[in-house]
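Make a model of the complete structure from these sequences and hints.
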Amino acid sequence: MNRILPVLTVVLVIVVLWYAAAVQLNKAWVYDQAERAGEPAPGFGALVGLTMNQDRPVLPTPHQVVVELAKSTFGMAVTSKKSLVYHGWVTISATLLGFVMGTTLGVLLAVGIIHNKAMDLSVMPWAIASQTIPILAIAPMIIVVMNSMGIQGLIPKAIISAFLSFFPVLVGMVKGLRSPDQMQLDLLSTYSASQGQTFWKLRLPSSMPYLFTSLKVGIAASLVGAIVGELPTGAVAGLGARLLSGSYYGQTVQIWAALFAAALVAAALVAVVGAVERRTLRRMGMAR
Amino acid sequence: MAEPVIVARDLNLVFQTNDGPVHALKDVNLTINKGDFVSFIGPSGCGKTTFLRAIAALEHPTGGVLTVNGMTPDEARRKRAYGYVFQAAGLYPWRTIAGNIRLPLEIMGFSKAEQEERIAQVLDLVELSGFGKKFPWQLSGGMQQRASIARALAFDADILLMDEPFGALDEIVRDRLNEEVLKLWARTGKTIGFVTHSIPEAVYLSTKIVVMSPRPGRITDVIDSPLPKERPLDIRDSAAFIEISHRVREGLRAGHSDE
Ligand SMILES: Nc1ncnc2c1ncn2[C@@H]1O[C@H](COP(=O)(O)OP(=O)(O)OP(=O)(O)O)[C@@H](O)[C@H]1O
Ligand SMILES: [Mg+2]
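Order-wise, the sequence lines are chains A and B. Under the numbering used here, residues 296 to 583 are what the first sequence spells out, in order. Under the numbering used here, residues -10 to 248 are what the second sequence spells out, in order.
Hints are computed from structural coordinates only; laboratory data are not their basis. A few of these clues could be false.
What the hints assert, rightly or not - Over 12 Å on every C-beta distance to chain A, these chain B residues come out as not near it, computed from the model: (1) Asp113; (2) Ser118; (3) Glu169; (4) Gly178; (5) Asp226.
What the hints assert, rightly or not - Just a few of them, taken from the derived set where beta-carbon distance is under 10 Å, the chain B residues facing chain A: (6) Arg67; (7) Gly72; (8) Ser137.
Unchecked claim - Computed Cβ-Cβ distance ranges for the label pairs, DEER-style: (9) A:Val308 - B:Asp159: 17 to 25 Å; (10) B:Ala157 - A:Leu499: 23 to 31 Å; (11) B:Asn7 - A:Thr427: 29 to 37 Å; (12) A:Lys470 - B:Gly178: 41 to 49 Å; (13) B:Val11 - A:Asp481: 18 to 26 Å; (14) A:Lys412 - B:Met60: 28 to 36 Å; (15) B:Lys101 - A:Val395: 31 to 39 Å; (16) A:Gly491 - B:Ala109: 25 to 33 Å; (17) A:Ala566 - B:Arg165: 46 to 54 Å.
Idealized CB from N, CA, C, for every residue including glycine.
Set out below in structure tokens:
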């Protein structure tokens, strides 16, 4: 209970500020209309009423977004092009595929880095450099290049996701695989353990808490990658496509609904990883 | 007939550090016989850990000869000549106590049935039967350290090397564990190398006490204890015990004064 109260307070404050901002930002249109109709400018009460439910508000009000979100999530057949469930699934599938690819790549590179001096010295700078390139700059190139190879749809988006999500996994796993202290490594050398045994029995289990922390960052990055991957294609499906078409037609309510849908998907994905983390670490006796 | 197990002849070990060479062991000569209980005592930095690690092939001497069971330490390690107990228990938090003891057995390729048999046996030896399914954090520090001794005993090496295994424990727990180690030694007949900072602990446990002094790390005295093998805790009030303690203390002081 004493955790719900502060959360509710913050939500309430945000909603109030949001409504205030909506009135402020949407009133220009109301004054404009009144002037064209040759009517006097409406008083404050009327003004508030007229800013609440505009068709194309500068800033949609919270209830407009919620209604749109509910309508396009529950009010449509999931196969409909207007259904957020449909678009959400398109994005999530690319996110998940990209996440798996990125995680695999990140883990493999990390394993290489800790076992191979040359990789240790060479891979990290490139990995860091790769993340300094704005994703918006390379996403179109990936899409175009893949397209010219006849690959469209899911795969190019997943590659962009993987491009963003491999990095946190790589960094976390290098740290995690190196986390065993010298004493634990010495213990294994007193058993004359091989490199492989050291990896499977010590390094990998030690890295689990680091891995899961990275996975949470990675899956959120994957979602961003998938959405960004949907922008430059003129893609017809996916949350990114909803954002894009919304902005083409000035459908601000649609944009905001898609934004919230993306945020909810991100929260859900991170929560799923968190749940797997708790289960795994508890089963390993490492829960804290 | 005394059968030498660990032999050091003019052993030297120099660490190259950024501040120049550190002479951790200088001209060390020592013979440890089968079934000996040898304590290494001396001020911090006198090379006790280094010597133990050299026997375990975790450090490599820069001069002289060191043999374990007549082999080089590296060969001896590959033949599983010794079990090593570190100052911290260092149990894997993701393995149960039984799982931790199974670790060396898995690595050394014991069969499943034999693993179970040995785990039960060493748990009994350190009086932790019934705790096999517990995780390390569910045990007290003393119990964890006993589990780590069980882990070192599991593959039944002839030599047991212990580096301040009870250093982090309080005196009451320490007394009890010392008694248990003696019992264990009597039952198994292993050769034990034991590093400690405590004079009573060294005298109580050992058949041979090696007094060391630092800069450079070297042996200043080797005392063969006349105490009987059977040692109740109150032996520490006996005249013989006090006399040996005195000699150890003198040895330590001598090592300090010629700096
Ligand atoms: N890996 C290393 N690199 C460089 N110097 C080292 C290394 N290990 C130990 N030394 C040095 O060798 C000397 C002996 O160290 P050692 O750890 O053997 O001492 P110790 O007798 O075990 O001391 P303590 O009672 O504090 O554990 C010290 O001067 C130490 O600084
Ligand atoms: Mg030491």
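For each hint, the structure was consulted:
Against the 12 Å criterion, aspartate 113 of chain B stays outside the reach of chain A, whose nearest CB is about 22 Å from its own CB. At roughly 20 Å, the least C-beta separation between serine 118 of chain B and chain A is larger than 12 Å, which holds for a residue marked as non-interface. Once the 12 Å rule is applied to beta carbons, glutamate 169 of chain B is consistent with being away from chain A; the minimum gap is 21 Å. For glycine 178 of chain B, the shortest C-beta to C-beta distance to chain A comes to about 21 Å, beyond the 12 Å cut-off, and the non-interface label holds.
Here aspartate 226 of chain B stays apart from chain A, with its beta-carbon at least about 37 Å from theirs, past the 12 Å limit. Given the 10 Å rule on beta carbons, the hint for arginine 67 of chain B holds: about 5 Å separates it from the nearest Cβ of chain A. Against a cut-off of 10 Å between C-beta atoms, the interface hint on glycine 72 of chain B holds, since the closest Cβ of chain A lies about 7 Å away. Interface hint at serine 137 of chain B: satisfied, since its Cβ lies 9 Å from the closest Cβ of chain A, which is below the 10 Å cut-off.
With their beta carbons about 53 Å apart, valine 308 of chain A and aspartate 159 of chain B fall outside the hinted range of 17 to 25 Å. Taking 23 to 31 Å as the suggested C-beta distance range, the pair alanine 157 of chain B and leucine 499 of chain A conforms, at roughly 28 Å. At about 34 Å, the beta-carbon gap between asparagine 7 of chain B and threonine 427 of chain A stays in the expected band of 29 to 37 Å. Checked against the given bound of 41 to 49 Å, the beta carbons of lysine 470 of chain A and glycine 178 of chain B, roughly 45 Å apart, stay inside it.
With their beta carbons about 19 Å apart, valine 11 of chain B and aspartate 481 of chain A fall inside the hinted range of 18 to 26 Å. Between lysine 412 of chain A and methionine 60 of chain B the beta carbon distance is about 31 Å. The supplied range of 28 to 36 Å therefore holds. At about 34 Å, the CB distance of lysine 101 of chain B to valine 395 of chain A agrees with the hint of 31 to 39 Å. Separated by about 28 Å at the C-beta atoms, glycine 491 of chain A and alanine 109 of chain B satisfy the suggested range of 25 to 33 Å.
A hinted range of 46 to 54 Å for the beta carbons of alanine 566 of chain A and arginine 165 of chain B is consistent with their spacing of about 48 Å.
Checked against the numbered hints listed earlier, the structure breaks hint 9 alone; every other hint is satisfied.
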